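**Q** Build the full structure now, drawing on both the sequences and the hints.
Residue numbers (numbering that gives the first Met the number 0), protein chains in the order written: chain A, 0 to 372; chain C, 0 to 879.
No lab work stands behind these hints, which were simulated from the structure alone.
Since we're looking at a predicted model, the values are computed, not measured.
Cβ coordinates follow ideal geometry from the N, Cα and C atoms, glycine included.
Keep in mind that a hint or two might mislead.
Partial list, computed: chain C residues near chain A (C-beta under 10 Å) [to be verified]:
(1) GLY175
(2) ARG230
(3) GLY232
(4) LEU701
(5) LEU705
(6) ASN706
(7) LYS739
When the alpha-carbon atoms are kept at most 20 Å apart in a straight line, the in silico SDA-like pairs for lysine to any residue are as follows [claimed, not checked]:
(8) C:LYS690 <-> A:THR133
(9) C:LYS1 <-> C:PHE842
(10) C:LYS233 <-> A:GLN134
(11) C:LYS233 <-> A:ARG135
(12) C:LYS218 <-> A:ARG135
(13) C:LYS233 <-> A:THR137
(14) C:LYS405 <-> C:ARG505
(15) C:LYS233 <-> A:THR133
(16) C:LYS112 <-> A:ALA370
(17) C:LYS492 <-> C:LEU400
(18) C:LYS218 <-> A:GLN10
(19) C:LYS123 <-> A:GLU369
(20) C:LYS1 <-> C:THR86
(21) C:LYS195 <-> C:ALA208
(22) C:LYS690 <-> A:GLN134
(23) C:LYS690 <-> A:ARG135
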Amino acid sequence: MPKFLHTADWQMGRAFTRFETEDGAALVEARFEVIETLARLASEHRCDAVLVAGDVFDAQTVSDRTIRRVFNATRGFGGPWVMLSGNHDAALAESVWTRARRLNAVPANVHLALEPGVINLQPQGLSLLCAPLTQRNTYGDLTGPFSGYESPEGFSRIGLAHGSVQGLLSEDIDSTNPIAPDRAESSRLDYLALGDWHGTKQINERTWYSGTPEPERFRNNEAGNALIVEVSDPGAAPTVTCLPTGRYQWHQWRETLAVQSDLEQLLERLDALPDSAVVDLRLDGSINLADEETLLKALSVAEARFRSLRCERSGLQLAPTDENIGALKADGYVGEVIESLRQQQEDAESDASRDALAILAGLLREREQEASQ
Amino acid sequence: MKLQRMRIEQLRQFRKPFVLDKLQPGLNLIHGPNESGKSTLVRAIRAAFFERYRSTAVDDLRPWGDSAAAPTIELDFEHDNHSWRLTKSFLQRKRCDLTVGTETYSEDDAEEKLAELLGYQYPKRGASKAEHWGIPGLLWVEQGTGQDIEQAIEHAGDHLKSALNSMVGEVASSGGDDLIETVRSQRDTLLTGTGKPRGDYQQLEKDRARLASEIDDLKERVQHYQEQVDRLGKLAQEYDQAEAERPWEEAQRQLEEARTRYQQVERLEQQQNQEKATLAQLQKNHQLAQQNREQLEGLSRQLEGRKADLERAERDLRVAEAQTPAVAGRLAEARTAYEQAEKQRKLAGLLQTRERLEQDVRRLEQQKQMLTQSLDQAKKYHQQLEQARQQARENRIDSELVKKLKATANQLNEETIRSRTIATRLSWQLEAGVSLTLNNEPLAGEGERQLLEESALVIPGVGTLGITPGGEELASTRRKLNTLENSLAEQLKTLGVASVEQAEDRLSAFETAGRAQKHAEDLLKSVAPAGAEQLASEQGEAENELAKARSQLQATAEPDPKETVPALEEAEAAFVQAGTALDKAESDERDHQATLSALKQSRDNANTEWQRLADEEKSPERQQQLRQITTDLANIEKQQAELESSLERREREIREARPDFLRQDIERYQNAVNHLRQTQENRGRELRDIKVRLEAWGAEGLEEQLNEKEAELDQCNRRYQELRRRARALDLLLNLLTEKRQALTQRLQAPLQKHLNHYLSVLFPDASLEVDEQLRPGTFTRGSELGQMAELSFGAREQMGLISRLAYADLLQEAGRPTLVILDDTLVHSDSERLEDMKRILFDAASRHQILLFTCHPEKWQDLGVAPVDIQASKERGVN
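**A** Right, here's the structure in full:
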């Protein structure tokens, strides 16, 4: 009854744009940590092997340190690891894999599936049919030869491939490296472990994308998992258990503020998010000065609490109410300036006017606060 | 605001309380001489408002040397229908109390209330300075600062604007200028004056560019890396394929084959060359044998030649021999001719010798004769000479002595004559045979005597007569005569003559002999210059020569007179000619003999040659050789034919094998092998190179670096965009704020201008003074004059300053603000006419504002229409 852990798309060596340096570093670090998590889970669930269905590395030329750290992170599981080369780390004449070998970074229990063929794990009773990428992209189905591969009697036939199952995933995502949707059936596989799709996704009862174990983008939700697959008997349907592994949850919200309750709702939702959230917020609509102050305070609190919070407010117009302006005690020509800016903002949808208004309101608010103190 | 009463105590020279009351709501003229305390009053009002009661920087208020003093000021004034009383004490008793109507304020509250009322501020620490004075700084003019209006307006700043708020409605903004400054400073951290990025913003712009270029570099390198990886894959495949197929081995096999074939052809060519050499050798042998045969066959021809040679030699000899007699004949003739010529020459020589000898004889005879004659003459002359010499010897006498003698004789003669004249003459005529003796001297006949001395005349049978001559000279004459006679006698004796005549004769004879001797000597010399002996010997020699010549002549044969004898010269020439002819004939004869002998030799040689060849021609060895050579030639020719056909056969064989193509094949296959191997080696090398390179590049983690750089750029971009938006917003905000503020000041400009014009029309009816946007009096125009106020004279500036201040006071009053004008000794630089105008202005202003005018020149202000307050008098009154 072989049992193994299915994971993929580690994308090691990826750096994160759009984040503050510190946050980016933490997100990178989390990707190393998740390998350790995978090893720990494999041990805990007494898995026979860990199968990584491609894109262990995000690029061929990652630093030596990254290569060593990746393999170091596998130490928590002493059983066999099988790593398949994907489109990001294709087994070219010179590749991240040849470098890893040159560096002597690959432990003995890690098998690199860099050539098409079968890897038999004798004691575990696993026969792994591998379809590694040896070019950056291919346009033929590399799993095609699986049907011709023979497996030892009594071994579970497990396919390991990286690419997009045809007709199921949207066309624009990695439409190269196609895989036939009925590959598991046509090649008599007990299970087909796939990589390339970063969210966990079941294709059919024997075919799964494990998704990336640690999210690294805002799209493709259902990322941050690993699959424990148990094949009871050759030919029987496998039992697949999805385990969460990700440390950070990525959220991307697009909200339009119109009435005050919109803001209240938004703040409640933000409040509900765990500390490990990575949030990308984009607001439009309009807001009055008092609400903006509330929003800024809330964002300031959230920024401190979450791993990362980014809020794009350039689309959010400032609509000061008379009451707002009164509160600012902007008398005389300063009051005229506020009115003029508000007008410009509405008429020309000018970012500069909006920003100028925000700055002026901020300054006046400060002055008021100083005065009240 | 109207100040009603002022009281001070313990303040500078006012140690005792001083009260200034009954101040008028309008104009107040307060005067006092210097040091009377005029300035102290002004200072007290200022201190009461501007200085904090607890200030430690007001020591100047303390009466001199009074450390215990608590300078105190009490002011009563009315404002807005309320009575205000301010009491402020400094230093030793720090206190401030303010009563407004029924309300009281104290300490800081009181001070803030005042500051708000008048529009000024307190210093944070230390003494109050001009920049703190606000509106009062504008209306309270210190001595000598009336013209500094701009500074005062600037210091009044915001106070002024907020004070004027009510005038312009709600457009003025409290703290608006601070806001502008804040926005400006925030904008200026991002943008330069001209709107270019600066500081962080500028740095980000640069960073963006730098990162973008770094990313481009990295992308290029990643691209290059990937190309190299692809190249590596392709190369590895090619390399492995080549290693498996080994195409260079097939090429090598073909090369070997071509080489074998080419070696075969080379061997053929070698044989061909050997045979060609053999053939050449044979051809050479053939040529030699032919030459030999030709040589042998040529012997008979040579023999004939030799025969002909011999005959020719013999013929030549014969011709030469035939010429021999002619040659000998010519020689004999020449010899005869020579001998004849020689004989002729001898004869001619002999004849010539004889003629010479005959001449010699004749000459010598002549010479001998001449010499004999000369000798005879010489003998004669010699004789004559000897005779002359004899005569001379015989008659030798000294001519000088004779001369002297003659002189003595003459003298004696003369003396005698003289003595006769004086002497006593004795004459006598005696008859025959009578004799007398005179002085023992007998006298006879007739005679006469001169007697010079006593004489005794003895007359025989008579006796003696003594005669003594008279005359005194007679004695001396007689002595002289005696002397002369003695001398004459002496001389005669010496000369050996008896008389003078004799002496003269002898001298004559001597001289004649001398001449004869000279003559004889000359003659002798003419015939025998060298002497007679020489002449004799010459004569002897001549005789000898003559004898010799004669004997020679006799010894010389006398030629036959019949024979014709040519002249010697002719004979000589003929002889030389004959000699030459003879030499020629002899030489011809010798040549002929030599020719003969040479011809004989030639003939003998030719004969010998001919003989030898004739012998050889007939020898059996030669016949044998000739036969042998003929056989050899036949053999050689046969071998040649065989070789030539063999050569031709092999040539064809070689040609058909195409050695040139074979050589090209070898080169081609060799190149192919090299090329194939080289290509493979290159592949191997490139593989290694690329691997090494990729290893190095891989270690750099290019794509990871690229990722990181992109993240950095993204962040940089984000920050840049933020700053850009912020910069634009701040710029916009600043522009708006300044624009609006500008609009505000422009709205204040008009009323201020109105008030200013009101006063200005009094002072300069045709002038205008523009108020600028900062509400400052600026451009001044009067007629064609145009300029800034600062360019005016001090007096004019002071006047302008004052009317500007008054205009401000009017403006402030309109805005409902308190106005109190304090002028401390102002307008001292104005001339009387201008001062008159200013008085009108002040009087006019005083109808709206309270004005305190402090002066030490009350006489200048007499016509101001108000009662002056004399400080001095008030002080005294206070004391009283």
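**Q** Now look at each hint and say whether the structure bears it out.
**A** Going through the hints against the structure:
no.	hint	result
1	GLY175	holds (5 Å)
2	ARG230	holds (8 Å)
3	GLY232	holds (4 Å)
4	LEU701	holds (4 Å)
5	LEU705	holds (8 Å)
6	ASN706	holds (4 Å)
7	LYS739	holds (4 Å)
8	C:LYS690 <-> A:THR133	holds (17 Å)
9	C:LYS1 <-> C:PHE842	holds (16 Å)
10	C:LYS233 <-> A:GLN134	holds (12 Å)
11	C:LYS233 <-> A:ARG135	holds (14 Å)
12	C:LYS218 <-> A:ARG135	holds (17 Å)
13	C:LYS233 <-> A:THR137	holds (16 Å)
14	C:LYS405 <-> C:ARG505	holds (13 Å)
15	C:LYS233 <-> A:THR133	holds (13 Å)
16	C:LYS112 <-> A:ALA370	holds (18 Å)
17	C:LYS492 <-> C:LEU400	holds (11 Å)
18	C:LYS218 <-> A:GLN10	holds (19 Å)
19	C:LYS123 <-> A:GLU369	holds (18 Å)
20	C:LYS1 <-> C:THR86	holds (16 Å)
21	C:LYS195 <-> C:ALA208	holds (16 Å)
22	C:LYS690 <-> A:GLN134	holds (18 Å)
23	C:LYS690 <-> A:ARG135	holds (19 Å)
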